[in-house]
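> Build the full structure now, drawing on both the sequences and the hints.
Under mature numbering (1 follows the signal peptide of the UniProt record, and there is no 0), read the sequence shown as residues -19 to -1, 1 to 1107, first letter to last.
In short, the hints are calculated from the structure, not lab data. Hints are not guaranteed to be accurate.
Lysine-lysine pairs mimicking DSS-like chemistry, simulated, CA-CA at most 30 Å apart [what the hints assert, rightly or not]:
no.	residue 1	residue 2
1	K366	K311
2	K684	K714
3	K229	K240
4	K19	K221
5	K462	K422
6	K311	K269
7	K769	K901
8	K404	K475
9	K389	K475
10	K462	K303
11	K379	K389
12	K1014	K940
13	K860	K901
14	K366	K386
15	K714	K741
16	K422	K396
17	K269	K240
18	K323	K404
19	K353	K24
20	K366	K462
21	K19	K323
22	K396	K379
23	K240	K221
24	K769	K741
25	K386	K303
26	K379	K462
27	K277	K240
28	K323	K269
29	K700	K714
30	K311	K404
31	K389	K353
32	K311	K323
33	K240	K197
34	K303	K323
35	K192	K163
36	K353	K19
37	K19	K311
38	K700	K741
These figures come from a predicted structure and were not determined experimentally.
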Amino acid sequence: MFFWRVVLFLFCIKFLCNAFKFHLSEYPGLRVCRVREKGCATKRYSPYYLAYLRSIYSGCTHVLGNLVLCDLERYENGSDPDLSFLSSIQEVSGYVYLSRNSVRTISLPSLRIIRGEPPFTLDETNASFIATRNGINLTNALEIVSMPNLTAIKQHNVVLRDNPMLCHLAFTVRWEEIFLDKHNQAAIPDRYHDRISQRGCDPEFRQSEEKRIRDKCHGQCAMHHQGGFCWGPGPDSCQKMVKCADGKDRYCQDGPSTKIPCNQECLGGCEGSPNNCRACMSARDGNKCVGQCPPKEIVSRVDSRLQPNPNFKYTFHDICVKDCPAPFLKSNIYCVIECDLKNQIPVNGNCQQCPPSGCPEHCTEEQIFDVKPYVVDDQALDRLKNCIYYTGSIYISKESFEPSKSWKPITDISKLWNLRSLKGMVGNIYMDLRGAPPELKNLTFLDNLENLVWESGETHTPMITILNGEHIELLGFRSLKDIKPPVYLINMTKLCYTSALLRAIPVRMTNVPTEKECAQRDAVCHSECLPEAGCWGPTADMCAHCCNQKAGEFCVSECTDRPGYYEVRRSQSVPLMKHPTGSGTCPTLPTETNLISGLTMDVTNGGRLPPQECSRCHEECQHTCYGPGPHECQGGCKHYQHNDNCVTVCPSTTYVEPGTNRCLPCHSTCLHSIISTEVRLCSGPGDHFGLGGCTACLTVLQKNDARQFQCLLRDCPLKHYIESHVPIDFIRKEQLDVSQETEKLAESKVSAAFMLRVCKPCHPYCEVCSANGTHSSICHNCLHWWFKSECVLQCPPGETYTPKETTTTLSPTPQTTGRMPAVRHVRQVTDPFVVPHANHNESDITPLRLLGPDQRHCLLCHEECVQGCSGPGPTDCAKCRNYMIVLDEDEETFVCNSSCPDDRTHVLHGMCLTAEQYAKLSGRSARETRDRILIGVAVSVLLLVILATVVLVLCLKRKAEAERMREKLRAAYTNLLEPDKDELLKNQSGIREPNMGRLEMINADDLDFDSESTPLGTGAFGVVYRGKWRVPKAALIRHGFRGAAQLDVAIKIIQNDYPITPGCLNQPQPFMDGSVSRDSEDEIRRVTARTNLEELLQEAKVGHELRTFAVVTIRTIQHKNLRTQF
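Structure representation (structure tokens):
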């Protein structure tokens, strides 16, 4: 049990040292400790206080602050406690304060410099070294303060008061040798007679200086002015002399033994060389002393301009460093513990100017509270909601939850989480939770508080006091890293998860469960927490230190256990240590042997390793990754994917592919159609204007599909003209589907300054145009032919002519006088492409382009011509528009004119005729001939109609007679007239029995049937087939039927073992008179045959009932007897 107490105590020490001690990589042997001890106003208690001193001073070489040693007492056996942890201190930036110490010796063997910045003020005296009231009697008091290497107190005085046994310090130390300015610094003795200073000293100390240094200092001490000064009687307590022997207030190399002056920047002398200073007056830059650290900028010797200084270093007190150690921040050229919160904000270790919106809220007590005492109430929580940094105390008591005239009570405990924004606090925390509701089970409203410091007032004022929280289960101060003792926890019966606090600083707990009791409640830290460092709560983000790795705020065994993190690749020389399963130890913790032996700070601090930090995936990764870049995501992107990168927004030169959220490049045409760089250039892969294509275009081309317009990089192509439109009007007019970006841009003021140029196709016949049409006013260059100011594909054959290879000049004849216009002359054609053929194909377009626009005109017929012509004159017309004047009837030549000449005033069918011609062409003979022709045609038609009628009547009559004879023949053999069908269905008696008395032999050659066809039916005697019977000529004559006839019959094939001969049917019946034949066998056969025949005929009725056949015929194949019944 004692062993684990030692373990916990060592980790408490180690945590604090890590919190306030800094390593500087540029100075391997230098270790800086920041200490805020200020005096000894209250009594300190051992051994806790001794452990506390060891925690803050052990291993330090440079103390930023003060060296304060109070209430150090001897053990009961009279021996001094181990103060060897003070042996490494070389410099103190503030003051050294010794008070109420009763140990025999305080040794500071390495202390060289006391700078006195700031000093301690005692009775209006500023002092850098103070020794007061170190002993209450002459037997139990501080006797020796050994500082053999102290060579400089940079400023302020030395005060010695009420030290009854500090004899050497008062009498054998030459303080003038230590003061930097002996004229303004002094060792101020106790001048009051009622004091006890040096009352216990040997009277020899009060002798002359020469005698007392000779008698009380060791003989090995270097003589100075015929004597050697010392801090004690031993040989290791001699005072080191560093100033020159000439009495001037300056340092010489190796002290008074030489006359070589040290560098003026040296403080406390130099050794070996003038530049090998023991300490630096202003600043230390590497191994040399300088007046100031290298500045940020220097003047170029080339152009006399300011330029960045490659050797720039920050000023860390009196040390020049390239980078400020954490938790110090970079502010201009200095390392500071806190930014100027009025104008600056800490960002990644730098103090940056606040944004225009203002600095993070820095609040003070005076701003938050209206009346004293400053009790946190509902109103104060509202004011603290936005505070990031706070100077003052947080005081929560039972009055905070009870109604009062001075305070508004906290009725909603969720308002306590208004304090969650606090990150830094200068002050202390006091919580008396007697009035808190039971719902308040934790104090995680302070889980973002990182620093809690107390920069003024009594040093040992409790930083945190929490009491009477009977429902509090955990504190949850997981971000708290900078805190100083003491901390009080009182009457917290359910409080667990305090191990992080217990291992950090000494905590005074009363009526609080121990860790063992909490473990019995299963209130233990997460398995990934380092057990020796503790935790603030049960989850993996509440660990004070991780056992394996750390992913953000969470401790993890593997980086991939936490989404959004990945494991950093390491070199093979740095293997990753992981928590062995069931081993009970962590890679960040040393073994027990090392821990027990780690009583010194170096071993303890070196034994605890920081957890390996898991690197966070890029913020655009959806799940996990294998590297920090946006191109190393695994499992998809959170928003969009551009090439191999995950991005928040696709670049403006891409569009989002639906379904995959990939950023695909816009068509190259869209990239050159930029009107505004603030909008996406396209909404799809197309090169058209609108949805799925370019967002904006300067020039568009109407495609074959009138609903799409292609964006163009240049002007309109040939055979197109330009229409200018306001973009928004054009979109509405064409009812185009456009993206939201296009619509916003079209309605913006930016788009209003541009006119959308729309390229529309010219008429197919035009090559250059200003509008859609074929008229010469808008069609400026015809691709084919001009016809009456219109561009046409082909010259109309009814109004133009095709020239022959040569034409001659036409002259009017004497007959074409009067109003007939003159006929134009046509030149001879020698080149077919000069006067081209009017009726050409599409293949003629290429040669047409060789012609000038004035050569592509159709050759027009004369205005009096219609339906074409063969030349330009009125004599070349195919037909005339108005009047035709015949020139020669034999040659059939004529001329067209708008009117008839005076000698041809008669008009017939558009022809101008003389009176003789008119009488001839319009005479009676023509009418008579026409009448005769019409009468002849009418008579012929009438005769044909009559003949056709006669033939039709004869045919119908013959057909009816034949049908009647056929019916008669059918009735003759079937003895059955065609019954009425309805009557047949109502009365079966309508079907007459066949005439059994009429039997007629049918020759087998007169029957036609197909024995392979499907039978009509089957019976007891055979199978019935359909067939035809060619009626014999004799039968036809007998019934008065002329010509040939066939009847449909049913033919039954009978299978019979008794052959029936055809003559058997014509013999008399064998039993007409009831007698028996002599030949009994023949008689039996005849009887049997007859019986079979009767049954057969009875079955033959079936054929009659079928009604589809007029005759029933029975025929046999083997022993065949042919018998037919009608």
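> Taking 30 Å as the top limit, are the C-alpha atoms of K684 and K714 close enough?
16 Å, holds
> Do the alpha carbons of K353 and K24 lie within 30 Å of each other, as the hint requires?
29 Å, holds
> Straight-line Cα separation of K303 and K323 no greater than 30 Å?
Since the Cα atoms of K303 and K323 sit roughly 26 Å apart, the hinted pair holds (cutoff 30 Å).
> Between the alpha carbons of K311 and K323, is the straight-line distance 30 Å or under?
At roughly 16 Å apart (the allowed maximum being 30 Å), K323 and K311 satisfy the hint.
> Quickly compare the C-alpha distance for K366 and K386 to 30 Å and report which way the hint goes.
23 Å, holds
> Mind checking the alpha carbons of K311 and K404 for me, to see if they're no more than 30 Å apart?
18 Å, holds
> Sort out whether K311 lies within 30 Å of K366, counting only the CA atoms.
28 Å, holds
> Are the Cα positions of K714 and K741 separated by 30 Å at most?
15 Å, holds
> Does the alpha-carbon distance linking K379 and K462 stay inside the 30 Å limit?
Answer holds: K379 to K462 is near 28 Å, not above 30 Å.
> K404 and K475: Cα distance at most 30 Å?
Between K404 and K475 the Cα gap is close to 27 Å, so the pair holds against 30 Å.
> Assess, step by step, whether the Cα of K769 is no farther than 30 Å from the Cα of K901, and give holds or violated.
42 Å, violated
> Hey, K366 versus K462, does the alpha-carbon distance stay inside 30 Å?
22 Å, holds
Violated hints for the displayed structure, listed by number in ascending order: 7, 25, 27 and 28.
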